[in-house]
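This is what each chain is made of:
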Amino acid sequence: MGVSDPWLSADSWDLHRRAEKDRLRHNDKIKEVIKENLGDLVSHQDIITADDGKIVKIPIRGLELPHIRFDPHGKKGVGQGQGNTKPGDVIGRSGQPGEGAGKQAGTEPGVDFYEAEFTIEEIAEMVFEDLHLPNLRDKGTKDILSDQVRFDTLARRGPQSNLDRKRTLINAYKRNAAQGAPGWNIEDEDKRFKSWEIVPEKQKNAVILAMRDVSGSMGEFEAYICRSFYYWMLRFLKKKYASADIVFITCHTEAKEVDEHEFFAAGDSGGTRLSVAYRLAIEVIEKRFNPREWNIYPFMFSDGYNWGDSEVVEYMKKLVDYSNLVGYGEIANDLWGQAGALAPLGQSLNDAFGEDGRVVIVKIANKEDVWPALKLFFSNHKEVASL
Amino acid sequence: MSALTQTEHAELERWIDIIWEKAHELGLDPFPVHFEVAPAHVIYELGAYALPARFSHWTYGRDYHVQKTMYEYGVSKIYELVFNADPSQAFLLDVNDMLSHKLVIAHVYGHSDFFKHNMTFRHTNRQMIERCRLHAERIRQYEMKHGPAEVESLLDALLSIDEHIDPIIEQPKAQEKKKEARKSETSYDDLIYMVDPKPETPVDKDRFPASPQKDLLLFIRDHSKVLEDWQRDVVEIVREEMLYFVPQIKTKIMNEGWASFWHERILENLPLTAEEHLQFRRMHSSVLQPGSRTSMNPYYVGYKIFRSIERRWNGEEADDPEENWMGERIDRPTGEGMSKIFEVREAENDQSFLHKYLTSNLVKELDLYTYRIEEREGELVWVVDETDWRKVRNALAEQLTNFGVPIITVEDGDYEHRGELYLRHHYDGKPLDMARTSRCLRSIAQLWGRPVRLETVADDEEIVIICDGQSVTHIAK
Numbered sequence: 433m434g435v436s437d438p439w440l441s442a443d444s445w446d447l448h449r450r451a452e453k454d455r456l457r458h459n460d461k462i463k464e465v466i467k468e469n470l471g472d473l474v475s476h477q478d479i480i481t482a483d484d485g486k487i488v489k490i491p492i493r494g495l496e497l498p499h500i501r502f503d504p505h506g507k508k509g510v511g512q513g514q515g516n517t518k519p520g521d522v523i524g525r526s527g528q529p530g531e532g533a534g535k536q537a538g539t540e541p542g543v544d545f546y547e548a549e550f551t552i553e554e555i556a557e558m559v560f561e562d563l564h565l566p567n568l569r570d571k572g573t574k575d576i577l578s579d580q581v582r583f584d585t586l587a588r589r590g591p592q593s594n595l596d597r598k599r600t601l602i603n604a605y606k607r608n609a610a611q612g613a614p615g616w617n618i619e620d621e622d623k624r625f626k627s628w629e630i631v632p633e634k635q636k637n638a639v640i641l642a643m644r645d646v647s648g649s650m651g652e653f654e655a656y657i658c659r660s661f662y663y664w665m666l667r668f669l670k671k672k673y674a675s676a677d678i679v680f681i682t683c684h685t686e687a688k689e690v691d692e693h694e695f696f697a698a699g700d701s702g703g704t705r706l707s708v709a710y711r712l713a714i715e716v717i718e719k720r721f722n723p724r725e726w727n728i729y730p731f732m733f734s735d736g737y738n739w740g741d742s743e744v745v746e747y748m749k750k751l752v753d754y755s756n757l758v759g760y761g762e763i764a765n766d767l768w769g770q771a772g773a774l775a776p777l778g779q780s781l782n783d784a785f786g787e788d789g790r791v792v793i794v795k796i797a798n799k800e801d802v803w804p805a806l807k808l809f810f811s812n813h814k815e816v817a818s819l
Numbered sequence: 135m136s137a138l139t140q141t142e143h144a145e146l147e148r149w150i151d152i153i154w155e156k157a158h159e160l161g162l163d164p165f166p167v168h169f170e171v172a173p174a175h176v177i178y179e180l181g182a183y184a185l186p187a188r189f190s191h192w193t194y195g196r197d198y199h200v201q202k203t204m205y206e207y208g209v210s211k212i213y214e215l216v217f218n219a220d221p222s223q224a225f226l227l228d229v230n231d232m233l234s235h236k237l238v239i240a241h242v243y244g245h246s247d248f249f250k251h252n253m254t255f256r257h258t259n260r261q262m263i264e265r266c267r268l269h270a271e272r273i274r275q276y277e278m279k280h281g282p283a284e285v286e287s288l289l290d291a292l293l294s295i296d297e298h299i300d301p302i303i304e305q306p307k308a309q310e311k312k313k314e315a316r317k318s319e320t321s322y323d324d325l326i327y328m329v330d331p332k333p334e335t336p337v338d339k340d341r342f343p344a345s346p347q348k349d350l351l352l353f354i355r356d357h358s359k360v361l362e363d364w365q366r367d368v369v370e371i372v373r374e375e376m377l378y379f380v381p382q383i384k385t386k387i388m389n390e391g392w393a394s395f396w397h398e399r400i401l402e403n404l405p406l407t408a409e410e411h412l413q414f415r416r417m418h419s420s421v422l423q424p425g426s427r428t429s430m431n432p433y434y435v436g437y438k439i440f441r442s443i444e445r446r447w448n449g450e451e452a453d454d455p456e457e458n459w460m461g462e463r464i465d466r467p468t469g470e471g472m473s474k475i476f477e478v479r480e481a482e483n484d485q486s487f488l489h490k491y492l493t494s495n496l497v498k499e500l501d502l503y504t505y506r507i508e509e510r511e512g513e514l515v516w517v518v519d520e521t522d523w524r525k526v527r528n529a530l531a532e533q534l535t536n537f538g539v540p541i542i543t544v545e546d547g548d549y550e551h552r553g554e555l556y557l558r559h560h561y562d563g564k565p566l567d568m569a570r571t572s573r574c575l576r577s578i579a580q581l582w583g584r585p586v587r588l589e590t591v592a593d594d595e596e597i598v599i600i601c602d603g604q605s606v607t608h609i610a611k
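Listed in order, the protein sequences are those of chains A and B.
Take 433 as the starting number for the first sequence in the working numbering and just add one per residue.
Take 135 as the starting number for the second sequence in the working numbering and just add one per residue.
Bound-form chain A, shown alone:
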């Protein structure tokens, strides 16, 4: 340190990273704002069809601290030209062509406008942060997913951002003292960096039965909602429960097990008989996924056009007994779309299982409902005693 020379000094600034902490806090706040708007993002066509690396620009307002100010549009101002400016000259306009779409708001004096860039991956992480498989139990011994990263070892080299400042300073102080010059002068040898080790975490066996109604009554909107829900569900499962099993079942009057690609591409015609899908699900469970060893999660999406299918409730009862949680999502259509009313199937399921903590029934009337539905299915529900 330049103590002996009060007029010019050149310190070592390597350890000077204070602003990083506040920058990260600002980033967190941006994420908070985005999380509040996840409903819009989750059902956004561009995001569902985008590649992972793609960057999405999200306009953010409200990250400024407000101040009491004059209305920027209500007053006159003083400006400066390059010479010979005359009264009546137009010096700027909102929505000026050629300014570039993203910049328009910024040209208005006094409007704070912030555009944050995120990759699809980052958005997905935010989406998944609060989601998890509910009522997950210890069943069996299969090790699945989750290499947990633990930030608890120290290394002599590492990225500057991982510097363990406290440890480094202690080392520096000790060394300086040992060399007979107590102080905080830091040499490379004092530096310690936080490092990590990968700890494989044992997880529990889980199988998800993804079922969708592909009958003729499922219109474009219904199919879109269904696909966007399952898109996020699959991403979420693959990310957080990498080795969970997933069984895909499509159904009209007949049900069949399909692969992922076929499941998403499917669109069919004909009537609906959801009981056949439930029956197939039960068969799959009984043959391949012993409920004593597996956590089981069946989900079904339908428009609820399913009359005279009294067996559905019966099969559903059996399915509920096997499962940790059963989800039923009804996608609204013109007929039943108002005021949260359910179609006949949803209504009969609701009558039978409305009080059962193992069953979650949601209604999706528009794109913005996809996110709340995801949150409802994949959040903690009341512990269910019979499991």
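Hints are computed from structural coordinates only; laboratory data are not their basis.
Honestly, I wouldn't trust all of these hints.
[Unchecked claim] With beta-carbon atoms standing in for the labels, derived distance ranges:
(1) 290/B with 514/A: 38 to 44 angstroms
(2) 597/A with 141/B: 28 to 34 angstroms
(3) 604/B with 588/A: 51 to 57 angstroms
(4) 569/B with 773/A: 36 to 42 angstroms
(5) 257/B with 519/A: 41 to 47 angstroms
(6) 456/A with 366/B: 27 to 33 angstroms
(7) 518/A with 462/B: 42 to 48 angstroms
(8) 538/B with 807/A: 44 to 50 angstroms
(9) 601/A with 538/B: 41 to 47 angstroms
If you're wondering where the values come from, they're calculated on a predicted model, not measured in any experiment.
For every residue, glycine included, the Cβ atom is placed at its ideal position computed from N, Cα and C.
Mind docking chain B on chain A? Use the hints.
Just chain B, lined up with the frame of chain A:
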């Protein structure tokens, strides 16, 4: 590690001495200055925090990020930073070449001289850098004790209204001691009260406060219904730091103009090579670019005015008269340019500086104008309104009233005996930004602990905005 070699370090030290001597020779009297050579990330961090070792807040992190990005993309260059302290603390960018360092050192001495002599800075705390370090430490302890979220929410609210303080009542002890002395300073009172309106209402003992108070933070600190002691301490921290910054906000144009004037004058008097001289001219004119079409460049305007005062008071440009506050022509003796600019740098702030010394020729040369915003076929259009020099000058000076921030006073701290806070906006024809004002009222209600009312004018009607902590409603007065 510093980017300077030992030889460069020695050369830089030599030039710091040479420029210090030259500055004194030419008449400047700065504080001693401690220069520090630092990499860009340190300099833009200091720029974002406005003081070294200041307390943490996400808005500083945001500003740091913006500065870092602009620097990395080459949008903006940072040459220097200097803090008002005794000795002054200045930072030089380590990758700058020797000529840039020379220009920056001269510029810094200009700022330091201004800090030391301008009357607006008379009461600033020259140990503020150390005070700030202590403030930051106290706030860190509050974070540990009460949680970072609690502290952040308090700071969010306070930093939203930190301009609503009253520099006139700062340091009451010093003021009491100087009561006699102040009487003889009445020549400045018109300036002081133009910026900070003199309380007109007579003192009323039954009212609380007895007369309207401009220092909202002080009032909240002393009379809030909900703040705990540690929170009152944070209010005082924010207030104290803001009191330190207000003089800089009030003299931005003068201060930058003065420093630019002096870096030019000093470099003209240094033994530079022809090539260095050319480079210095190029840098000088890049600092003094005209502003944008809806703003102005304070460096440029301030510099031009100082240059022009020097010329005019030396007897040049007799056709470009100056007026006093009454609009009367000022008598100008000749040959006094240099002593005049020193007098101006001591006695004025931006508002009085522009009002007294922005002349007809300057408005034309600087191409200053007023503009208005109109709606044309659904879009907003910025249109040049006036180029008449008096109108432009008056508009500029008026814009700087209360450093550009709406004036708010506390009228009643126990409104209708319900403990509510009644505030008044001193409306002067310019309406408030309602969305932002409403958010600020929530902050004030949070700090006050009871509903808050603000009287103002919107669409030519007197209204009262009421905030009960959450919802905001408007009623006609």
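Verification of the supplied hints:
| no. | hint | result |
| --- | --- | --- |
| 1 | 290/B with 514/A: 38 to 44 angstroms | 41 angstroms, holds |
| 2 | 597/A with 141/B: 28 to 34 angstroms | 33 angstroms, holds |
| 3 | 604/B with 588/A: 51 to 57 angstroms | 53 angstroms, holds |
| 4 | 569/B with 773/A: 36 to 42 angstroms | 38 angstroms, holds |
| 5 | 257/B with 519/A: 41 to 47 angstroms | 42 angstroms, holds |
| 6 | 456/A with 366/B: 27 to 33 angstroms | 29 angstroms, holds |
| 7 | 518/A with 462/B: 42 to 48 angstroms | 30 angstroms, violated |
| 8 | 538/B with 807/A: 44 to 50 angstroms | 45 angstroms, holds |
| 9 | 601/A with 538/B: 41 to 47 angstroms | 43 angstroms, holds |
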